[in-house]
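Top to bottom, those sequences are chains Y and C. Mapping of the first sequence onto this note's numbering: position 349 corresponds to residue 398, and the numbering continues sequentially without gaps. Mapping of the second sequence onto this note's numbering: position 61 corresponds to residue 146, and the numbering continues sequentially without gaps.
Don't read these hints as lab results, they were simulated from the structure. Hints are not guaranteed to be accurate.
[What the hints assert, rightly or not] When the alpha-carbon atoms are kept at most 16 Å apart in a straight line, the in silico EDC-like pairs for lysine to aspartate or glutamate are as follows:
id: 1; chain 1: C; residue 1: LYS338; chain 2: C; residue 2: GLU135
id: 2; chain 1: C; residue 1: LYS338; chain 2: Y; residue 2: ASP551
id: 3; chain 1: Y; residue 1: LYS396; chain 2: Y; residue 2: ASP539
id: 4; chain 1: C; residue 1: LYS195; chain 2: C; residue 2: ASP212
id: 5; chain 1: C; residue 1: LYS287; chain 2: C; residue 2: GLU321
id: 6; chain 1: Y; residue 1: LYS396; chain 2: Y; residue 2: ASP366
id: 7; chain 1: C; residue 1: LYS287; chain 2: Y; residue 2: ASP366
id: 8; chain 1: C; residue 1: LYS195; chain 2: Y; residue 2: ASP539
id: 9; chain 1: C; residue 1: LYS206; chain 2: C; residue 2: GLU135
[What the hints assert, rightly or not] If you want the footprint, here are the derived chain C segments under chain Y, 3+ residues with CB under 8 Å:
id: 10; stretch: 110-117
id: 11; stretch: 280-286
id: 12; stretch: 319-329
id: 13; stretch: 338-346
[Said to hold, decoys possible] Which residues of chain Y face chain C? A partial, calculated answer using Cβ under 10 Å:
id: 14; residue: GLU232
id: 15; residue: ASP235
id: 16; residue: GLY405
id: 17; residue: GLU406
id: 18; residue: GLY408
id: 19; residue: ARG453
id: 20; residue: ASP551
id: 21; residue: SER584
id: 22; residue: ASP588
id: 23; residue: ALA621
id: 24; residue: GLY627
id: 25; residue: ALA630
Beta carbons are placed, not taken as given, at the ideal position from N, Cα and C, and that holds for glycine.
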Amino acid sequence: MSALAEMTTRPAAAARFTSWRLLMNNRLAAAGFFLLLAIAFVILLVPLLPLPDPDATAPANRLKPVATAGHLLGTDQLGRDILSRLLWGTRVSLALGFTATLIAAAIGSTIGIVAGYAGGRADNLMMRAIDMLMAFPYMLLALAIVAALGPGLLNALYAIAIVNIPFFARNVRGATMGLAHAEFIDAARLSGKGQLSTVLTEVLPNVLPVIVITISTTAGWMILETAGLSFLGLGAQPPQADLGSMLGEGRAQLFTAPHVSIVPGATIFLIVISLNLLGDGIRDVLDPRLRSGTLARPGPMTAIAKARLAPANPAPDAALSIEGLETGFGGGDSFTPAVNGVSLQLKRGECLGIVGESGSGKSVTALSIMGLVASPPALIRNGAIYLHGEDVLSMSEEKLRSCRGARVAYVFQDPLMSLHPLLPVGRQVEEAIAAHQPIGASERRERAIALLEKVGLPDARERAAQFPHQFSGGQRQRVGIAIALANDPDIIIADEPTTALDVTVQAHILDLLRQLQRERGMALLFITHDFGVVSELCDRVAVMKDGEIVETGETRRVLSNPQHAYTKRLIACVPELGTGADFLDRVSGLFAAHQREGTA
Amino acid sequence: MSAAAIEINDVTKVFGGGHTLLGRSRHAVTAINQVSLEVGRGETLAVVGESGSGKSTLARMLVGLEEPTSGTLRIGGRDAAELRRAGARAFGKMIQYVFQDPIASLNPRKTIGQILDTPLKLLCGYDGAERQNRVAELLDAVQMPGDTLRRYPHEFSGGQAQRIAIARALAAEAEIFVLDEPVSALDVSVQAQILLLLRDLKRHFGLSYLFISHDLAVVEAIADRIAVMYRGETVEIGPAARLFADPQHAYTKRLIASAPRIRKE
């Protein structure tokens, strides 16, 4: 089966329990969860507990303090048992809050999904209606609705539900819009699914996490709102108890018998805080952006193991010399190497290509040179990187920063991602100059324009004031190259700089790089997956596979007479112009032979 | 069945245009301008062009995801507008689409078994036992192991996911495939395997391909005829061998000259 080397099996089952485990790892969320569980357990048992009638008044026993015999939490202004009223009242408040949440979630999510999926006029109409709901302060709108419908528990529930519909509609619409044009939605329609079935079986499961997150973060707020309405006498009507009305009735005795209002107040506090803690925990677990650790800020440079082995520099003349580099992800036992003992030399004025398939470790190698692999989770475990004979990995943070851009500069694959979208390109080149050269503003500006002219941007002076989105892909990459050239570096590291470009544009960018390199005598480390590009540009080439260099040598020699089996196979897989249909016969023989070896 | 697999007559597609609610006219972009093409039964026609040339818009119109502004499309001898009126099922039985990004074309929350089951149930109307047999045959056809069915899309590499996406297209039992850059997101060795698979499937099931790509070398390896698109128009159409040996249009010449080549001794 090794012909299908792409088929790697990953343990599948392990991934499915992690959400629960992640939630429980968050101590605050776990505390909120168990507190809520305890409250739910108690109020479910209320009808079975030996409690006095919550509505039975006993004026003789009014305002008894906490821990009176027969009344654990005392009695209120009409002599009713506070514990009994509290438990029955919590039942009412929670039931009301959660029902309102579910109603708001159901209606709001439906509006959101329909608006996001249908788009156009329907979306416009529905969202403007939602905007109108949002234009009123929530509590005021809820009050107006109850005033119109008349006070009572059920009407309070409707009011709270309506007021919270916009939260769900807006969140869910946002998530749905991202999905409505996803390829798998198109694919489902081509598989014969109708609109309704596509929405229910393809879109809904993917927006469900958003709905759950919104429920968990708004439920606490809704319980507060119901309590608020009851507090104002618009929710539960006497003698029925709920947390808000107990608080409202106890307010008059706040100074003579504070426990009457403090007990329901503290209960509201406990319920809402446990819901909020749990809600935050759920959001952290389900939100993919938080999960991938975007919030964990990476350090200024890649972490380097203290016990690092640093081999001596075998080529003191080279512009760059990497020895035994081992970079990986995770620490301790879970360390997974991405680059495993890579050694290479880049001579002055030379162009070295690193070529390999995805996951071969070529980009991690390139980023390790200036300590740019994000840590955590990255770690350089072993090796040394000599820049003109000086080990980069033993430099101080400040020293390293002075090298970045000034001695070694990078050109990245997608200039739309690496350029700042809100700054004019001229300013971005100026920033790069200002980082290393203390010169005046007008001189800096002139130099930036000269650089943009140098990289072949037409009308550089006028276009310097434009933003990245106003340029074509090829022009943006020229700006990226101008930024790299800003401080006259000795080495440029280009990571797939032409992969996102059309072939005719790619040809121009390669011409530009070749010309600049020759003119300025820079060394160029060129990372690519394309043997054709290597052949056009590079003096030497290193072939990487699974974090190791399997073969290195003069480009022509490696391409015409590859030594390593992997290089041979890789080159044979590259379709060439002029081969025509013979190409498939050739690879067909290759894979058949490979399969035979594999099974033999 | 003498009719061509795909006939495109004078098709134009304009995005935007029209008026807003307030009566202001919207900016209009012509993505496809009076394109006419024909794909014969059992033929592979490649459409090459750079980004923005309109090749993906053409593909989306062919499978009914977009409607042409003017002109007619005939698929397997039937009018596309009529097929669209007959519903998604009639369309899906005639023509299928393979996307560029295989992982994005598979719903992340469904198992491969559920994904493959949908076209078999909705388009072919097979019962449970029949569907199980067909799924096994399909996995065999795209050379994937049987335990694939219980797993989720993110558990597969790009090449494997593309095999699964091809199996889903095969499941519809359509004989016409639109392949939109099916190998450009893949590594070269995987790309070669997928191209090989596509060639074998075509022979085995008698399929017709409209193969969209920006990579001339890939196109030359798989296509019988090639259409070159530039800014929404076809500038040159011809047999693969002729087009590469003797390009007529200036843009085709430039495209061929720009392609990076491996220079050997």
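Structure-based check of all given hints:
Using a Cα cut-off of 16 Å, the hinted pair LYS338 of chain C and GLU135 of chain C holds, with the two alpha carbons roughly 14 Å apart. The suggested pairing of LYS338 of chain C with ASP551 of chain Y holds, with an alpha-carbon distance near 15 Å, which does not exceed 16 Å. About 11 Å separates the Cα atoms of LYS396 of chain Y and ASP539 of chain Y, which keeps this hinted pair within 16 Å; it holds. With a CA separation close to 20 Å, the supplied pair LYS195 of chain C and ASP212 of chain C exceeds the 16 Å bound.
A threshold of 16 Å between alpha carbons decides the hint, and for LYS287 of chain C with GLU321 of chain C the separation of about 25 Å lies outside it, so the pair is violated. Proximity of LYS396 of chain Y to ASP366 of chain Y is assessed by CA-CA distance (about 7 Å); at most 16 Å being required, the pair is judged to hold. The hinted pair formed by LYS287 of chain C and ASP366 of chain Y fails the criterion: a straight-line CA distance of about 56 Å is larger than 16 Å. Between LYS195 of chain C and ASP539 of chain Y the CA atoms are separated by roughly 51 Å; this puts the pair beyond 16 Å, and the hint is violated.
For the given pair, LYS206 of chain C sits about 38 Å from GLU135 of chain C by alpha-carbon distance, which is inconsistent with the 16 Å threshold. Counting residues of the stretch 110-117 of chain C whose beta carbon lies closer than 8 Å to any beta carbon of chain Y gives 0, which falls short of the minimum of three for the stated coverage. Given as covered by chain Y, the stretch 280-286 of chain C passes the check, having 3 residues with a CB less than 8 Å from a CB of that chain where 3 are the minimum. Under the rule that three or more residues need a Cβ within less than 8 Å of chain Y, the assignment of the stretch 319-329 of chain C holds, with 3 such residues.
Using a Cβ-Cβ cut-off of 8 Å, 8 residues of the stretch 338-346 of chain C lie near chain Y, which meets the minimum of three, so the contact claim holds. A least Cβ separation of about 4 Å between GLU232 of chain Y and chain C falls short of the 10 Å threshold, and the interface hint therefore holds. Proximity of ASP235 of chain Y to chain C holds as hinted, the smallest CB-CB distance being about 6 Å (cut-off 10 Å). Below 10 Å, beta-carbon pairs count as interface contacts, and GLY405 of chain Y has one with chain C at about 9 Å; its hint therefore holds.
Checking GLU406 of chain Y against chain C: minimum C-beta separation of about 4 Å stays under 10 Å; hint holds. At a threshold of 10 Å, the smallest CB-CB gap from GLY408 of chain Y to chain C is about 9 Å, leaving the interface hint in force. Interface hint status for ARG453 of chain Y: violated, as the beta-carbon distance to the closest one in chain C is roughly 30 Å, over 10 Å. Given hint, ASP551 of chain Y at the interface with chain C, holds; its Cβ is 4 Å from that chain's nearest Cβ, closer than 10 Å.
Below 10 Å, beta-carbon pairs count as interface contacts, and SER584 of chain Y has one with chain C at about 5 Å; its hint therefore holds. The beta carbon of ASP588 of chain Y is not positioned within 10 Å of any beta carbon in chain C (closest approach about 13 Å), and the interface hint is therefore violated. This hint holds: ALA621 of chain Y has a C-beta 8 Å from the nearest C-beta of chain C, less than the 10 Å allowed. For GLY627 of chain Y, the interface hint holds, since its Cβ comes within 10 Å of a Cβ in chain C; the closest pair sits about 7 Å apart.
For ALA630 of chain Y, the suggested interface contact is upheld, since its CB lies about 6 Å from the closest CB of chain C, less than 10 Å.
Violation of the numbered hints given earlier is confined to hints 4, 5, 7, 8, 9, 10, 19 and 22; the remaining hints are satisfied by the structure.
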